[in-house]
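Here the protein sequences line up with chains A and B, keeping their order.
Under our numbering, the first residue of the first sequence carries the number 1, and numbering increases by one thereafter.
Under our numbering, the first residue of the second sequence carries the number 262, and numbering increases by one thereafter.
Possibly wrong hints are sitting among the right ones.
Pairwise CB distance ranges (calculated) [said to hold, decoys possible]:
{"id": "1", "chain 1": "B", "residue 1": "311", "chain 2": "A", "residue 2": "68", "range": "42 to 48 Å"}
{"id": "2", "chain 1": "A", "residue 1": "50", "chain 2": "B", "residue 2": "494", "range": "40 to 46 Å"}
{"id": "3", "chain 1": "B", "residue 1": "328", "chain 2": "A", "residue 2": "109", "range": "42 to 48 Å"}
{"id": "4", "chain 1": "B", "residue 1": "455", "chain 2": "A", "residue 2": "99", "range": "51 to 57 Å"}
{"id": "5", "chain 1": "A", "residue 1": "58", "chain 2": "B", "residue 2": "444", "range": "35 to 41 Å"}
{"id": "6", "chain 1": "B", "residue 1": "510", "chain 2": "A", "residue 2": "149", "range": "49 to 55 Å"}
{"id": "7", "chain 1": "B", "residue 1": "444", "chain 2": "A", "residue 2": "96", "range": "52 to 58 Å"}
{"id": "8", "chain 1": "B", "residue 1": "311", "chain 2": "A", "residue 2": "181", "range": "36 to 42 Å"}
{"id": "9", "chain 1": "B", "residue 1": "388", "chain 2": "A", "residue 2": "139", "range": "44 to 50 Å"}
{"id": "10", "chain 1": "A", "residue 1": "96", "chain 2": "B", "residue 2": "473", "range": "36 to 42 Å"}
{"id": "11", "chain 1": "A", "residue 1": "109", "chain 2": "B", "residue 2": "388", "range": "31 to 37 Å"}
{"id": "12", "chain 1": "B", "residue 1": "498", "chain 2": "A", "residue 2": "70", "range": "46 to 52 Å"}
Calculated directly from the structure, the hints in this document are not laboratory data.
Where is the CB? At the ideal position from N, CA and C, for every residue including glycine.
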Amino acid sequence: MHTEPSLPDWQRQFLDALYDADARGPAAAVLGNGLEPDARLRIYRHSSEAIHTGTLRITYPAVLALVGEDYFDQAARGYRHAHPSRSGNLQAFGAGFAGYLEMLPDMRELAYLPDVARLEWLRQESALAADAETAGPDIAIDDLLDTDALLQVALHPSIRLLAGAHPVLTVWRYAMQPTPERLVLDGEGEHVVLWREAGEVAMAAVDPASFACIASLAHGHALDAAHAAAQARDPGFDLAACLASLFRQSLVTAIHPLNAS
Amino acid sequence: MPARAGIGLRAPHVARVLAERPPIAWLETHSENLFAAGGGFHHALRRIRADYPLSLHGVGLSLGSADELDRAHLRRLREIVDRYEPALVSEHLCWGALDGRHSNDLLPLPFTEEVLALLVSRIGQVQDALGREILVENISTYLRFEGGDYAEWDFVAAVVRRSGCALLCDVNNIHVNSVNHGFDPRAYLRALPRAAVKEIHLAGFTRKDGLPVPLLIDSHSRRVDAAVWELYADAVALFGPVPTLIEWDQDIPQLEVLLDEAALAQEVLDAHRAFAA
Chain A
1 MHTEPSLPDW QRQFLDALYD ADARGPAAAV LGNGLEPDAR LRIYRHSSEA IHTGTLRITY
61 PAVLALVGED YFDQAARGYR HAHPSRSGNL QAFGAGFAGY LEMLPDMREL AYLPDVARLE
121 WLRQESALAA DAETAGPDIA IDDLLDTDAL LQVALHPSIR LLAGAHPVLT VWRYAMQPTP
181 ERLVLDGEGE HVVLWREAGE VAMAAVDPAS FACIASLAHG HALDAAHAAA QARDPGFDLA
241 ACLASLFRQS LVTAIHPLNA S
Chain B
262 MPARAGIGLR APHVARVLAE RPPIAWLETH SENLFAAGGG FHHALRRIRA DYPLSLHGVG
322 LSLGSADELD RAHLRRLREI VDRYEPALVS EHLCWGALDG RHSNDLLPLP FTEEVLALLV
382 SRIGQVQDAL GREILVENIS TYLRFEGGDY AEWDFVAAVV RRSGCALLCD VNNIHVNSVN
442 HGFDPRAYLR ALPRAAVKEI HLAGFTRKDG LPVPLLIDSH SRRVDAAVWE LYADAVALFG
502 PVPTLIEWDQ DIPQLEVLLD EAALAQEVLD AHRAFAA
């Protein structure tokens, strides 16, 4: 006796067919009408695949430029198969692409690529992060440094940080705007700070001590702790200069005593 | 919402709309584009919203999924509806996800009593959560299921009547489905509850070559086809002047092309008014 699959069953089979070319899919429930049911399901698989690879192309333009369309689309299809979309909002798709790329055997020759992908996902996060009012430039940094109180310096929600094992920002810029000169990749890893400026993502490579300071503040640690983290990297670290640059970029949203509790 | 022609606001045109404020009757954006906590698009839309009537068009809520509605998605939709106070809020008569796995596409449903009841219940949930009426849109499809209790047009009409929601009549989708599944698109239009039609969508399709049967893909990648313009004129004659949107999502052209398409739709709306007067 032929029994109809239940609604959840055929929807599950339908999704299986969208994510896996070898899955049987609910073909038995599909009318052919001049085409094989599988051919009709294939239209949907290609459509969903194109939506997901297209989304990754938009989110990861430098990775796309570095590896070319064919390799990128193949990797994107592999990623999609391994990590199906988990949200009805496509802005959330692709968070794990860097980790997926890292597992690919070809990455031995493109070791910097996962770092570039990490940077691009952080660009996406920064672009979509919450807005916040910034603290005015009238705050005297010297007074801040003189106070005995334990202070917390809150940073803008769009700040993201990446300690690259490779010169990731240099590679990203080269990928987005290639120069005739060959890019020489023998430099050390770059420490990149990302933030949003007038609606666009801005990026800068900073020294490791400044990076440690900003990362510590971004984690909600007290100014003293951030200072100590930076001095551990560079005993001559200039906290006043680092704070001044954060204020200059409108990245400080509040300064308040740290609640001891 | 004015019963005039608007356009879908897409990323490549945001800067020009902000800078030039072109004469467009209204704008529509995908609801999910506003799901982010903050950033440039929110900033732009707050300013655009001050000058243009706005419609929010959802593509990811998946009304027809056999499992539960995504509560977090619905909550976020409510937040942006409260924030932007759009004139219209719409979703699709489709499904797209199950068990947390998403296709991010508009997938077809069988036209059965079971699915009808499911959709009516879901639309009720969404309207309750948002505290307002929503519109639901008929989708393009490339397959039909065995069995089924309704023709597509009767199914769409029944969903709207039983749930008490409004209808976003996508005229291009009716034409695409009439070719793909072989039916009279005008009979489809005549079967719809006229007073419930509160928005019309128009877009371009592509032909899929090399198949033994004609197949149109709802690609939103070109100008509205002549056959769809004719069907649109019939729809306006049936439903009266209704806010009409030009959609374009792939190979997005210069803003002028969308404005030109909107002007063509406006001519049809104006011609109806002149005739009706």
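Kindly confirm whether 49 to 55 Å is satisfied by the beta carbon distance between residue 510 of chain B and residue 149 of chain A.
For residue 510 of chain B and residue 149 of chain A the Cβ distance comes to about 54 Å; the hint holds.
With respect to the beta-carbon atoms only, verify the hint that residue 58 of chain A and residue 444 of chain B lie 35 to 41 Å apart.
holds, 37 Å
Residue 311 of chain B paired with residue 68 of chain A, Cβ distance criterion 42 to 48 Å:
Distance hint for residue 311 of chain B, residue 68 of chain A holds at roughly 44 Å.
I want to verify a distance hint. Is the separation of the beta carbons of residue 109 of chain A and residue 388 of chain B within 31 to 37 Å?
violated, 55 Å
Regarding residue 444 of chain B and residue 96 of chain A, is the given constraint of 52 to 58 Å on their beta-carbon distance met?
violated, 44 Å
Regarding residue 328 of chain B and residue 109 of chain A, is the given constraint of 42 to 48 Å on their beta-carbon distance met?
holds, 43 Å
I want to verify a distance hint. Is the separation of the beta carbons of residue 498 of chain B and residue 70 of chain A within 46 to 52 Å?
For residue 70 of chain A against residue 498 of chain B, whose Cβ atoms are near 50 Å apart, the range 46 to 52 Å holds.
Between the beta carbons of residue 311 of chain B and residue 181 of chain A, is the distance compatible with 36 to 42 Å?
violated, 48 Å
Satisfaction of the hinted span 51 to 57 Å by the C-beta atoms belonging to residue 455 of chain B and residue 99 of chain A:
holds, 53 Å
Cβ-Cβ distance between residue 388 of chain B and residue 139 of chain A: within 44 to 50 Å?
holds, 49 Å
Does the beta carbon distance between residue 96 of chain A and residue 473 of chain B stay inside 36 to 42 Å, or does it fall outside?
About 40 Å separates the Cβ atoms of residue 96 of chain A and residue 473 of chain B, which means 36 to 42 Å holds.
Holds or violated: 40 to 46 Å for the Cβ distance of residue 50 of chain A and residue 494 of chain B?
violated, 32 Å
When each numbered hint is compared with the structure, violations occur for hints 2, 7, 8, 11.
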